[in-house]
Structure formats: C-alpha cells, structure tokens
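Chemist: For reference, the chains in residue letters:
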Amino acid sequence: MKILITVRKNWVAPRFDLTSEVVIALCEDQHILGSPRTILMTRPSAEELCALIIKEGINTVICGGIEDRHLQYLAWKKIRIIDSVVGPYAEALKAAIAGFLQSGTILPGAKQGVPKNE
Amino acid sequence: MKSTTTAFIDKLKISEIISGVPHGIAILDRDLCVVEMNRSLELLTGLTASEARGIRADFILRCNIGKSSKQFREVLETGNSLSVTGDIITQHHQKSPIHFTVSSLRDDSGKSAGLCIFLEDISVLQSVDGKESNLDGVKDILGRSPKMLEMFELMPVLAHTDASILITGETGTGKDMIAEAIHRASSRTRHSFIKINCGALPEALLESELFGHVRGAFTGAVKDKPGLFSLAQNGTIFLTEIGDLPLSLQVKLLSVLDDKEFFPVGGVKKEKVDVRIIAATHRPLRELVRRGEFREDLFYRLNVLRLHLPALRERDGDIRLLLDHFLRQLNTDLGKSIKEYTSKAIEILTSYHYPGNVRELRNIVEYAVHICQGKSVKKECLPEYVFSPQEDSGTVGEEEREQPGAGQTQSPGSAGGGWSDIEKEMILDALKKTGGNRTKAAKRLGWGRTTLWRKLNRYSLN
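Heads up: the sequence lines are chains A and B, in that order.
Residues 1 to 118 in the working numbering are what the first sequence lists, from first letter to last.
Residues 1 to 462 in the working numbering are what the second sequence lists, from first letter to last.
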C-alpha cells in the first residue's frame, strides 16, 4: 500500500490545494518499508498534486481540508482519502497503517506540540 | 500568557458573548492557538471549540491567509487590525470566500494578549464566477400571468414576516425556487438556507440528519454531529415533500415549531434553535390529515402562511415566455445558435398540457436544442410524447377499465366490430406502410413505442 501525506513542516498540511510538500510511504503488513520519500512541489496546485497522486499509484491520501471536486476526482480514481486530519504527520501515518485513522481525526499529538513557525 | 488570556476570557464569559454572533469568531492566544471559537465557526469548520482548543488556528481554520502566520504575528506585534479577503475549506469540502478581520486583544496592562479573528462568509455576495449574485432571487422566477403577478406581490410580504410558510403546488412548479427567493428577500438572508427532502431518507436517518446526534447514540456515531436545524441557525430550513415526513418525526417537528428547541438523537441536553421553517408539498395535506397520515396540529402550525403555485397550464401566456427564456439559456449553455421556434412547433408546445410543469417544459426545450441541427426548432425536433399529450395517462385508464370487459365478451382479435377492431386495423396498416418498423409505425400512429408494444401484445400481433 502506498500512502501519500500532504505535509507542512512536521504536520499534516491544513489544505490540500496549498500543499507544497508531500511524503510518500510504502507500507506492508502494518510496517513502513524503507524510509518515506519527500517530494517538494514546484508550486502549490491541487491539480498538479492530483496528477502526482495518479502517477505515483497512491492508494491512500492523508490530508487536511480538500475541495469536493478534488475529493470526488480522487475517489473516482479509486483512491482512499482520509481528509481533515489535524496533527503530526508521522502520527497520522502510524494510525493509518494500524487502520485507525479516519477523516476528521484530531491526533493526540496535535495539542502537545505547536509546529514551529515557518 | 495562555493562562492570562484564559483568565481574561473567563472573566468576560466570552464564549457566551460570541456564541450569538452570526459570523465565525476565533480567539487566539499569543502562540496563535485557539482559545475559544463560537458556534458559527464550529459549523464552518466541523470542529467543536473543545476539539480545537490548543491547536494552532491555521490548522483549524484551513484558510489561505496567514499561512506562515506572518500576518497574524504582525497584528499581534503592531496592534494594527488587518482586514483581508480570502477563503477557507469548510467541513462540507466547499471553498468558501471569507472576509477576515484580525484584531489584537490587550490585557489589563495594555500588553498584547492574543488575537480575535472575525470571519464573515461573503459567498452570498459572490457567485462562483465572481459575478454579483441576485439578492432578491425573485428575478430568477419568470411569469407575467395574473396568477404569477399576484404571487410576486405576495412574496415580499411573506419574506418580511417570520412565520412558517407552506408552499403547495404540482411537481415542477418551482416550489424550491420560491422558498429560496423568500429566504433571500428576508432578514435571514445572511444566514444559511438549508433544504432537505423529507421523502428521500429513511426515518431513522432523517431524524439524525434533521436533529443531529451525539457520540455513541447508535453504532457508527463516533462523534457528535450537528443536525440540519443547528446548521440553519438564524437562517431558514426548507422541508420539501413534508407530506412524506413520518408521523413520529412530525411530533418532534411540532415541538421544534412550538418551543424552538429539541433533543439531538441520543442527547440529554436540549438545543435551542432560531430557524424559520418553509415547508412544501405536492400532496394534498388536508386529505392526508383526513386519512390520519399527517398530524392535524402540525398542518395548522405550518399552514400559517400559505402560497399555492399555479400549474403551468393555468398561467396564461407564460408558456411562450418560458420557451424563449430556456431557448436562450440553453443556447448559451450548450453552445448552440438556435434563433426561434417554427410556428408549428410553437402551436404544439403552447397547446401541450405540461403535467410536469416548468421542469417538463425545460426538459422539452433541452431535448429540442440537442436534437435541432438548424437555426429554428421544428416540429420534428420535439419529443414524441408532446404530440399525444392525453395519450399516456388516458390509455392507462382506458385499458384498466376495458380489460375485464374485453376478456369476458370477446377474445382479442375476434370479429365483432368496435374500437378494438378499428385499432387493430390501424396498427396493421401502419406496420405494413413502414415495412414492419415499429418505431416508425408508432410515430405514424402518434404513440410511443411502449404503447405500440403493449397494444401489439394485447391483440396478439407479436
């Protein structure tokens, strides 16, 4: 299973369309294979991000707020979207692999640490 | 500093002050983390204040301003308010245009203690393509017939009251549009207009949709969910097909109308709402009351103000007006350049009885615009059923009445004269002339293919 997380610093990015960094992790049997890969986008664009998701053959996307048209498009492409997630992305990835992550989840780590200002 | 802010807020009971404001408000501490937010913002973000507390605001608001928090920090440091237009992604995945006003909060010693962000939803003022929207909404509704003019006169009066309205009328007469126009012309226009079809959902789901549920109310209720009544706070809720509302929910709706409060599914705490209710139905409510399928008390409670929309066939002169309007609109939408209708097409279209009213008329024009290859809509571009307007409903009734008798007196196809024989002859003749092509034969007879197929079966001609 290939998981893509939209990232801002060490948190799940609050908006899909304004994301300029993504992390891609390959998982099997509830374990991450190798180190997750980070991709920096040339500019934030929801359309380019959708194209990247398709090109990379992503199975699950973890993100913050996402517009309906992008949500519908990715769902049509049979990609699972876990949206409106708030918190550190590593924690989100762990929860997703364990099968606990749902749309709208506020991760416990969200209240423990404020992300450093960019 | 966070504790100072919290103490300051507790003293003022800020949550109570901001809860009644019809726009989103967030109070942030010096770390730009949420300390408090009001109900309107909860509805926009889908997160409760307790969930959001302690989390940095940009992750909660999902806005396109203050991405690097630079703008927020500037306000915090300089104390100068910031007013900027941006957008947020709502809990319903909509990008909503918002006017943000960010101002600094000071403590007793005059030191900056945090920020107050005020979010005004300006989607009402902006349509998606940036054009100014039609605020009164009535302009979208066309009609010059006396019955419609009478209704246009009544609408502003209905809009300026706050009583419940019951809109009746046949299907396709525009009940939804009228309800929305009334909401837009009312003082509640800056708040939500929420529409729900009472016949579209099963009873249990409908109750949860209307009144919300609390966590653990039923399997799968993993968190509190506000109902549509809560989402429509200070706005209007439009209950379409009210005649299909289950009896058990009619009781609950009646109590909302009377007390303006309700219990969410599984909840123990009553929620107060200030919502105007507009209901609509195409079913005869009095008849339903008589049959015991609709509560009499609810009927009278909803029937405070009543608006009956005339059927299209009763609107003298409006058919032509609507035909031209939809032709212009569909030309633009579909990139066509059809100029007019031929006189024959107009004659057929104006004499058709439109059981589906304006919706059906629009569909007929859309069909014609798709089919038409020239510059004018001809008779041939119209759907077949408009040529035999009485045929569909009439035939079913006629067959229902005739079938028992036909079985007793004569077998199909037996000699004996009468309409059956003439009809059979007509069918055979049409089939002969069209070389057995049923589509052409049906067209020749002025019937739909299904009608011809049914009659072929009846006369054992298959």
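Worth flagging that the hints you see were computed from the coordinates, not collected in a lab.
From the three backbone atoms N, C-alpha and C, an ideal C-beta is built for every residue, glycine too.
Accuracy of the hints is not assured; some may be wrong.
Unchecked claim - In silico negatives: residues of chain A with every beta carbon more than 12 Å from chain B:
hint : residue
1    : Met1
2    : Leu26
3    : Ile32
4    : Gly34
5    : Ile39
6    : Ala46
7    : Cys50
8    : Ala51
9    : Arg69
10   : Lys77
11   : Ile81
12   : Asp83
13   : Ile97
14   : Gln102
15   : Ser103
Claimed, not checked - Stretch by stretch, here's where chain B covers chain A in the computed footprint (C-beta under 8 Å, at least three residues):
hint : segment
16   : 4-15
17   : 54-68
18   : 104-111
Unchecked claim - Label pairs and their in silico Cβ distance ranges:
hint : chain 1 : residue 1 : chain 2 : residue 2 : range
19   : A       : Arg80     : B       : Ser81     : 40 to 50 Å
20   : A       : Gln30     : B       : Asp108    : 52 to 62 Å
21   : B       : Gln71     : A       : Ile54     : 45 to 55 Å
22   : B       : Thr78     : A       : Arg80     : 55 to 65 Å
Chemist: Now tell me if each hint is right for this structure.
Modeler: Hints versus structure:
1. Met1: holds, 23 Å
2. Leu26: holds, 27 Å
3. Ile32: holds, 24 Å
4. Gly34: holds, 28 Å
5. Ile39: With a cut-off of 12 Å, Ile39(A) remains clear of chain B, as the shortest Cβ separation is near 19 Å.
6. Ala46: Ala46(A) not clear of chain B: closest Cβ-Cβ about 10 Å, inside 12 Å.
7. Cys50: holds, 14 Å
8. Ala51: About 20 Å separates Ala51(A) from the closest Cβ of chain B, which puts it past 12 Å; holds.
9. Arg69: Not fine: 9 Å to the nearest Cβ puts Arg69(A) too close to chain B.
10. Lys77: holds, 17 Å
11. Ile81: violated, 10 Å
12. Asp83: Label violated. Min Cβ-Cβ 8 Å, cutoff 12 Å.
13. Ile97: holds, 20 Å
14. Gln102: Incorrect as stated: the minimum Cβ-Cβ distance to chain B is 7 Å, not above 12 Å.
15. Ser103: Incorrect as stated: the minimum Cβ-Cβ distance to chain B is 10 Å, not above 12 Å.
16. 4-15: holds (count 3)
17. 54-68: holds (count 5)
18. 104-111: holds (count 4)
19. Arg80(A) with Ser81(B): 40 to 50 Å: holds, 42 Å
20. Gln30(A) with Asp108(B): 52 to 62 Å: holds, 53 Å
21. Gln71(B) with Ile54(A): 45 to 55 Å: The hinted range 45 to 55 Å is violated for Gln71(B) and Ile54(A), with Cβ atoms some 34 Å apart.
22. Thr78(B) with Arg80(A): 55 to 65 Å: About 45 Å separates the Cβ atoms of Thr78(B) and Arg80(A), which means 55 to 65 Å is violated.
In this structure, the earlier hints numbered 6, 9, 11, 12, 14, 15, 21, 22 are contradicted, and the remaining ones agree with it.
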